[in-house]
Amino acid sequence: MGNLPSLRYFWPESILTVAVMAMFVQDLVVRRREHRVQSLTIGALFWLTLTALATYLYPSGTTPLFGGLIVHDPLRVFFAWIFLAAALLTILIVPKSKQVSDARVGEFFGLLFALMLGLYLMASATDLLMVYLAIEMVSLVSYVLTGFRRADRKANEAALKYVIYGGVASGVMLYGISILYGLFGTTRVVGDGGIGAQLADVSSRLFMAHAFGGQPAAQLALVVAVVFVLAGIGYKIASVPFHMWCPDVYEGAPTPFTAFLSVGPKAAGFAVAIRFFFAIFEKNVPGVGWVAVSDVPWPAIIGIISAITMTLGNFTALVQTNLKRLFAYSSIAHAGYLLMGLAAASAAGVQSILVYLMIYVLMNVGAFLVVISVSRATGGEHIADLNGLGTRAPIAALTLSIFLFSLTGIPPFAGFTGKYLIFAALVQKGGMWNVILAVIGVLNSAVSLFYYAKLIKAMYFEESRDDTPMPVPGLYTGILVSLGAMVMVLGIYWAPLLRWASAAFGGTTAT
Amino acid sequence: MMTIGPVHYLVLGAILFTLGAAGVVLRRNAVVVLMSVELMLNAVNLTFLAFSRFPLVQNAPMQGGILQGHVAVFFVIATAAAEAAVGLAIIIAVFRSRTSINVDEFDSLKF
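So the protein lines, in turn, are chains F and G. Numbering of the first sequence is given in the numbering used here, commencing with residue -10 and proceeding in unit increments. Numbering of the second sequence is given in the numbering used here, commencing with residue 2 and proceeding in unit increments.
Worth flagging that the hints you see were computed from the coordinates, not collected in a lab. Just to be clear, a hint being listed does not mean it is correct.
Stretch-level coverage of chain G by chain F, calculated; a stretch enters the list once three of its residues show a Cβ under 8 Å from a Cβ in chain F [claimed, not checked]:
1) 48 to 56
2) 72 to 79
3) 91 to 104
All of these numbers come straight from a predicted model, not from anything done at the bench. Every residue, glycine too, gets a C-beta built ideally from N, C-alpha and C.
When you get a sec, could you build the whole thing from the sequences and use the hints?
Right, here's the structure in full:
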């Protein structure tokens, strides 16, 4: 579809673009007003509502837009709702968090909308150049938001580490893209004449071998290029061996942004991974399902990465004392669980990823919200700061327990639903290897219970020096209770979410 | 006389990329590290241009398939400039808080 007709499918992105500028202008206009934070929050919520409305009114169906640079399909709509949920929670959390000074709230919201625009584009990019630009847009804004507290030593150290890691990762990814461009004469991944179509077409593979002086040479160049692109994606979802930035950045960034970073860009990274994976490694044979295209066992490689990622994440989390670092390693472990869904290389696997990501937004932002509530009252972010929370702030303690049990994957909480679907997808795919991977996943969940339970022990069984009730804003309590309730409900009744995910990818019902 | 073909450009690109990657790992000055990242991106630009000028795929399946490399380079240059701007701003913030930009001294975040 050409440029002008594409705009009809581009309303949310257009609104986000306006929102970025509007937030900065509003920030200047209300600079000296008394209720500037409230008015900026209302402004941000207004633009977010408008974006959500435009997303809700998306036309259905699948259409390539802007000459095939991005695609409009149900998958992108599903991801858009994940981003909207994460952004809504972040906007509500920021003003009272004491992590972002009142004078700079407008700036924060403006940058958050720019980040949202990048996430929307990441979730729909079907051209490698667009993938790079979208990832870069998300990254650049993330660097700034990580170093948002400019005077804070930890914040700007984290931002610098993030810039260097991010720059190298995107450089490596871009090098892979340039080699793919040389091999195929295009950066398009999905669609007619795209890289995926050319790979699935045997005659063009032979041609490529000829142009490169033989099958082995072409194969090697292709493998190297794909590994380089996977490095860029792996950095975005924080999987081993590109996870090193994650704990430092999570610790240094303002906590509301850490909460957003742990769900938004990670989900968008999985959107890119899903599109790339199913365009290049697999082709859809009607009646059979997804079958591998290349001779290299990519699903097995991703399975190994996933096993290492979750094991390393969980075992390193065991020794953490800082809550934000603990949740950083826990989020690395969750990237591992999610990669298992990709390793299953089936529609059911992708649907389980989608369901898990949606649930992960609820439980992880919820857990971070309790960390924020504690740190705004005590000024600390260590496990010891949770001591006595069971008596000091019973609701926060209870909801944190719910989120932690859910993150572990214990029934009847929502995290169990997500993990159950991922393991089911692996076992359904069959094969010795997939079952072993599922067993590793279950064992890892058991390990993760150990450090999550440590937090629960601190809240209920450790004595606190200060026994006075901890002030938690009413808004936070409201969000915590509703997130907790959603986590409980989705643990028992997940059918609608699964139906939605099935409609977003594959069109068939899993299980 | 030797003619310069695609292989020369590709090898030069690979060498520049390796030098950039080595610079990121080995250099201690944050500004030089950022420069090394820029070097990696320029190696990519060279590769893009080499593949555009000497296409391996003669029957480029898409219209403009061969021009795409040139276009990509413009985008890469623009994003590289944006990244440098953000990176230098962050380096200034770091310098203000600890009057040093030696990456070895950034160790307040550890596990």
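Evaluation of the provided hints:
1. Chain F is given as covering the segment 48 to 56 of chain G, and this holds because 5 residues of the stretch bring a CB closer than 8 Å to a CB of that chain, at least three being needed.
2. With 4 residues having a Cβ less than 8 Å from any Cβ of chain F, the segment 72 to 79 of chain G passes the three-residue criterion, so the hint holds.
3. Check on the segment 91 to 104 of chain G: 8 of its residues sit with their Cβ under 8 Å from a Cβ of chain F, so the three-residue criterion for coverage holds.
The structure fails none of the hints (numbered hints given earlier).
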